[in-house]
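Now for the letters of each chain:
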Amino acid sequence: MTATLALLIFDVLMLLTLLGLAVATLSSRDPRRAAILFIAFGLWLSLVWARLGAPDVALAEAAIGAGLGGALILSAARRARASSQAKARAPTPPERTPPV
Amino acid sequence: MRNSLEPKPQRSAALLVVVLLILLAGLLQWVYFTHAATAPGAGLTALAQAELPRSGVTNPVTAVLLNYRALDTLLELSVLLTAMLGIWSLGPATPGYQQAGAVFAGLAAWVVPLLILSGGYLLWIGAKAPGGAFQAGALLAAAGVIQRLGGDPRASLPNESAQRWLAIAGIGIFALVGLATLVAGRGFLDYPLAWAGWLILLIETFATLTIATLLTAAYVGGQPPPSQTTATPGMHRMQAPDRKA
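Protein chains in written order, with our numbering: chain Y, 261 to 360; chain W, 890 to 1134.
Note that these hints are calculated values from the structure, not bench results. From a predicted model like this one, the values you see are computed outputs, not experimental measurements. Check the hints yourself; a few may be wrong.
[What the hints assert, rightly or not] What the simulated footprint calls covered on chain W by chain Y, stretch by stretch (three residues with Cβ under 8 Å from a Cβ of chain Y suffice, anywhere in the stretch; the number is not a length):
(1) 1029-1042
(2) 1098-1110
[What the hints assert, rightly or not] Computed list of chain Y residues with no C-beta within reach of chain W, every gap over 10 Å:
(3) I269
(4) D271
(5) L275
(6) I299
(7) L312
Beta carbons: idealized from backbone N, C-alpha and C, even for Gly.
With the rest of the complex left out, here is chain Y:
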């Protein structure tokens, strides 16, 4: 009885943390911060998959969703910041902006 209650509390905490991370990711206005929160979200989601008894999905989520997806999003955020800074430095007409 207490074991099931403890597991229920554990599951509710897992889900609330997952939803909190999702909201924090979506409502973050700094791309880099959002990317890092997305990685945290992916790692937490892989824990939830493992708790659901799906270790294959948990492995794929941690390796691809959180790891490589996070790395890709981080580098995209870095590139977006570099290009927006370049744009801010040179307020001349937008003919020289790189088509990235």
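Based on the hints, put chain W in the right spot on chain Y.
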């Protein structure tokens, strides 16, 4: 240090997105519960478990991915290849990061062999336990990402023509095995029982190489830089690419 990508979105647009998301969630719930009402029970689980001895592997997930629904996996690899073609069409990659310092280089010297070893382990164990080509490929690609962060502009990938061959190797072997089963008078990717395990391992090995190449190339983010520019110490990060493609 505010660097939001876009101007503040319209309040009504944000509300519309929320409403659409709630509608989508409701639709998914409706599909799930109507499906659960019309088809109670475990669905295809019993059938998949019953056919497992004839699939060549003992891990049911690998059996689904590489045997029952092998065509889906073949198409997934094609989707990855299409994504990389799109990324390469963006032009040459940025030069990369500056050379790693002693600490990061030492970390990479330990972590990269460990990642390669873990990738091989996941590939092999996928036949009977959680693991498989996608996870193994992702670990190899993580090794490539670390090499790129450590200053290798090509992330340890070979030259461009070899990358092209690696990028299609998994899909090519997959399709060749399918054609061979067709020629042998069976269905497309319908393996003979005696060879099923080895054919799956063959396909997964090349699929791992292809997935690792595609994911690493996606992280490099453009056509690979030519080989003579490898790792000159004066390479600056975030330097705009000034050479023409």
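Status of the hints after comparison with the structure:
no., hint, result
1, 1029-1042, "holds (count 3)"
2, 1098-1110, "holds (count 4)"
3, I269, "holds (25 Å)"
4, D271, "holds (19 Å)"
5, L275, "holds (15 Å)"
6, I299, "holds (13 Å)"
7, L312, "holds (13 Å)"
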